[in-house]
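Going down the list, the protein sequences come from chains A and B. Going by the working numbering, the residue at position 82 of the first sequence is 66; the numbering climbs one at a time, nothing skipped. Going by the working numbering, the residue at position 174 of the second sequence is 398; the numbering climbs one at a time, nothing skipped.
Just so you know, the hints here were simulated from the structure itself, not pulled from any lab data. Computed from a predicted model, the values in this text were never measured in an experiment. Just so you know, not all the hints are guaranteed correct.
[To be verified] Okay, derived cross-link-like pairs now, DSSO-like style, lysine-lysine, Cα gap no bigger than 27 Å in a straight line:
| hint | chain 1 | residue 1 | chain 2 | residue 2 |
| --- | --- | --- | --- | --- |
| 1 | B | Lys556 | A | Lys2 |
| 2 | B | Lys556 | B | Lys532 |
| 3 | B | Lys621 | A | Lys110 |
| 4 | A | Lys110 | A | Lys157 |
| 5 | A | Lys157 | A | Lys137 |
| 6 | A | Lys112 | B | Lys532 |
| 7 | B | Lys532 | A | Lys157 |
| 8 | B | Lys621 | B | Lys532 |
| 9 | A | Lys110 | B | Lys532 |
| 10 | B | Lys556 | A | Lys157 |
| 11 | B | Lys621 | B | Lys556 |
| 12 | A | Lys137 | B | Lys621 |
| 13 | A | Lys112 | B | Lys621 |
As a plain string of letters, each chain reads:
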Amino acid sequence: MDAVLEVEGLEKVYGDVKAVRGLSFAVAPGEVLGLVGPNGAGKTSTLRCLAGILPPSSGRIVVAGHDLRQQTVEAKRALAFLPDEPRFFEYLTVWEHLNFTARLYGVEDWEARGRALLEEMELTGKEKSLPGELSRGMKQKLSIACGFLHSPKLILLDEPLTGLDPIGIRRMKASLRRRAEEGAALVLSSHLLPLVEELCHRLLVIAGGRAVALGTLPEIRARLSGPEAEGASLEDLFIRITSAAAEPGTPSP
Amino acid sequence: MSFPRAVLFLWTASLRNRVWRQLARLRRPRYLLGAVVGLVYLYSAVTRGLGVRGLGAMPGSARLFAELSLVGSALGTVFAAWMLGRDQPSLTFSETEVVQLFPAPVTRRALLHYKLVRGLLGAMVGALFATVFIGRVVSGTPVLFFLGASLALGTLYLHTTAASFTRTRLAARGGWGLAVRWGGVTLAVVAVALAVLGALRAHPFPEEVSSSRELRTWLQVLVASPGLDAVLWPGRLLVGPSLAGDVDGFLRALPPVLALAATHYGWVMLVEVPFEETAVVRAESRARERALRASGQRARTGTFTLRKPPFRLTARGRPEVALVWKNLVARKRMAGGVVTFMLFIVFGGAVAAMLGDARLFTDTREVVGPLAMTLAVMLTVVGPSAFRMDLRMDLPKLDLLRTLPLTGRQVVGAELLASALSLGGFQLALLSVALLMGPGEEAALLSDWWWPVSLSLVVLLPSLALAGLFVQNAAVVLFPAWVPADTGMRVRGLEAMGQRLLTLLGTLVVTLAGLVPATLAALLVGLPLYSVLGPWTVPPAALAAAGVLVGEVLLGVVALGRAFERLDVSEDRPE
Chain A
-15 MDAVLEVEGL
-5 EKVYGDVKAV
5 RGLSFAVAPG
15 EVLGLVGPNG
25 AGKTSTLRCL
35 AGILPPSSGR
45 IVVAGHDLRQ
55 QTVEAKRALA
65 FLPDEPRFFE
75 YLTVWEHLNF
85 TARLYGVEDW
95 EARGRALLEE
105 MELTGKEKSL
115 PGELSRGMKQ
125 KLSIACGFLH
135 SPKLILLDEP
145 LTGLDPIGIR
155 RMKASLRRRA
165 EEGAALVLSS
175 HLLPLVEELC
185 HRLLVIAGGR
195 AVALGTLPEI
205 RARLSGPEAE
215 GASLEDLFIR
225 ITSAAAEPGT
235 PSP
Chain B
225 MSFPRAVLFL
235 WTASLRNRVW
245 RQLARLRRPR
255 YLLGAVVGLV
265 YLYSAVTRGL
275 GVRGLGAMPG
285 SARLFAELSL
295 VGSALGTVFA
305 AWMLGRDQPS
315 LTFSETEVVQ
325 LFPAPVTRRA
335 LLHYKLVRGL
345 LGAMVGALFA
355 TVFIGRVVSG
365 TPVLFFLGAS
375 LALGTLYLHT
385 TAASFTRTRL
395 AARGGWGLAV
405 RWGGVTLAVV
415 AVALAVLGAL
425 RAHPFPEEVS
435 SSRELRTWLQ
445 VLVASPGLDA
455 VLWPGRLLVG
465 PSLAGDVDGF
475 LRALPPVLAL
485 AATHYGWVML
495 VEVPFEETAV
505 VRAESRARER
515 ALRASGQRAR
525 TGTFTLRKPP
535 FRLTARGRPE
545 VALVWKNLVA
555 RKRMAGGVVT
565 FMLFIVFGGA
575 VAAMLGDARL
585 FTDTREVVGP
595 LAMTLAVMLT
605 VVGPSAFRMD
615 LRMDLPKLDL
625 LRTLPLTGRQ
635 VVGAELLASA
645 LSLGGFQLAL
655 LSVALLMGPG
665 EEAALLSDWW
675 WPVSLSLVVL
685 LPSLALAGLF
695 VQNAAVVLFP
705 AWVPADTGMR
715 VRGLEAMGQR
725 LLTLLGTLVV
735 TLAGLVPATL
745 AALLVGLPLY
755 SVLGPWTVPP
765 AALAAAGVLV
775 GEVLLGVVAL
785 GRAFERLDVS
795 EDRPE
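Please build the complete structure, drawing on both the sequences and the hints.
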């Protein structure tokens, strides 16, 4: 099956700082890829490049068959980016945000979809609220509702559970799983390793802007030699991999 | 280390670090250039100020205007201190001050003194700016103006603090306290109203005012009447040192103000109330607001009025219409443009009245037509700065804009359109008023030109405003480091001021350069037709000029769209 997201040699440079160095990976429909790494590893830069927010310094990104650089609009139509700090237009209500999104993406049955999404996100009754009147968690849910409205083929999530309460977290995990089952590809960046372990089919561990591990959890475990690797938790693996990556001369996967 | 010494260390270290940071920034050429321009501007402002004639030599109307403005501002501050806001201490602390100083082993009084000294230093900074920018207009002795203004602003700060403490105390006493406060306020307001009415009864507005001198004479007599003189006396006392023409005058005016300041200090100490709780809430609220502004979400929830959207947005059709719709919703709900517009009209009327153009009150119809047309023309210049529902408003949300499935051209065009539609709508409304009112029957020569010129302006002014809007939006996209978008957090410093001046100059140059082809087109069309059509040559010439302007903007949108797609602000905020 063709990948929904293909990344080849992605690099992002800020002045003298190389934030992302030659990332290459692909995500298939229905697959959830976990993007993990220590602070400053380049996760957010990578996601912003994938979402078309930052122009990559070099490399190629293809979303649903469309080159993000050449066919920007078509590629963006197929994706949704849900940042850790949701951004809204403070003068539009919850319902008007859905209306705005519907026009941008041409979602004709947006009202029915919007109602269902608000119900799913427990935002029913908040249709006329302005973003400034919503709690942190509610804003996160509104961001997700807007992102899901056009049924994107690729969903990019940066710390998606920030601000959600335990019930919200459970619902959100179920919601993400359902989108994956329906065929969407998800790239999820989070520091919450148990969440990543629970939801993701494969992991991409990056450190210093480089991919230091890519594969399923058992594959990554198998790559690490030594008796302590067997049965190690993701947290243990994460610490071992990223510590090793910090040492000079570590090869890429 | 004692608290005062710790505070002194805090302030000196902060100032030193800030200066070092700003000096370090000068290694980048754009900041160095900005600093040079800022320095040149400040130098010219100060040196020009030294060469300006003193207040004593100023025309009577300007002197009266300056004195009444300053006295009005002072009395307005006092009025606001007692009438507006909540019954709670007015002291504001930053979140850092709350976290660092409130748990420190210091008394409340020490904290209060810390805040008062900060307030007085702030008053001095305000006085310095006032001296640089208006001091040279209202006083020929900038040093004396600065000293007087510092003292006046400091005293007003003490008054505001004392008033808020007193209000808090009175509110804590329940109904009786509120009755005392509002009783006192009502008595003061009634006394002022009686004084104003008495003065107006004794010196009514002249039935016919043919010159500004007559109006000024009437105003001078009015404010010199006993009742009104008594109302204005405290304000005059306070601004006396600032407006003193020489050292002798300053020294004569100084003692009463010093006594007033000392009395206010004693009053603050006497009515001191616990302020920590309010300060913490206020600091948190300000920090939240700042964070929202920094993230591009202006914390203006409380000020929005949920008016209906301008039209129903269907899911079908060109996607960029969603951006136009969104910005028109913002226009209706934020209403900043309307408020600015109304202020503009009120201020214009006030200036006209001050200058003695009494026709405004006697020949309304004859004045309103030309006035509406003048306002429409002036909106062409000031409108692009006042109507900002475009990239200037949305660029802080660049992340969000960049994820939208739109080309750069679509984003730029749609963003520009909402401001252009709103501004053009205002201009057309004003021109309609001008056309309906007409120039008056006695203005025969004007009558011949009225309709052709007005109709020309109908096409020309919105096109000019569109060009102005385009240039301002282009500046934000092309020079994001020079022209900050509306984040609500202004970059401060000499170099930032210089950058703004350079940007303003650049904007003017680009606008004028853009007008050259339009003017040529107008001349090419108008000159051959004039002998045949006379005044009616103007509309086709204006149409040609407007067409060229719109064409230029369309080409500009295409180019700016590409620049928007390449816009990379990431160098300023790496992960």
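Here's how the hints hold up against the structure:
Between Lys556/B and Lys2/A, the direct Cα distance comes to roughly 44 Å. Violation of the 27 Å bound is thereby established for this hinted pair. Distance hint between Lys556/B and Lys532/B is fulfilled; the C-alpha atoms sit about 8 Å from each other, no more than 27 Å. Our distance criterion of 27 Å between C-alpha atoms is met by Lys621/B and Lys110/A, whose separation comes to about 23 Å. Distance check on the hinted pair: Lys110/A and Lys157/A sit about 22 Å apart at the alpha-carbon level, within 27 Å; holds.
Distance hint between Lys157/A and Lys137/A is fulfilled; the C-alpha atoms sit about 18 Å from each other, no more than 27 Å. Proposed proximity of Lys112/A and Lys532/B is supported: the alpha carbons are some 11 Å apart, at most 27 Å. Between Lys532/B and Lys157/A the alpha-carbon distance is near 36 Å, which puts this suggested pair outside the 27 Å criterion. Taken as a hint, the Lys621/B and Lys532/B pair is honoured in the structure, with Cα atoms around 24 Å apart against an allowance of 27 Å.
For the suggested pair Lys110/A and Lys532/B, the alpha carbons sit about 17 Å apart, so the restraint of at most 27 Å is met. At roughly 39 Å between alpha-carbon atoms, Lys556/B and Lys157/A are farther apart than 27 Å, so this suggested pair is violated. Simply put, Lys621/B and Lys556/B have alpha-carbon atoms about 20 Å apart, close enough for the 27 Å limit, and the pair holds. At roughly 24 Å between alpha-carbon atoms, Lys137/A and Lys621/B fall within 27 Å of each other, so this suggested pair holds.
As the CA atoms of Lys112/A and Lys621/B are separated by approximately 22 Å, the hinted pair is consistent with the 27 Å bound.
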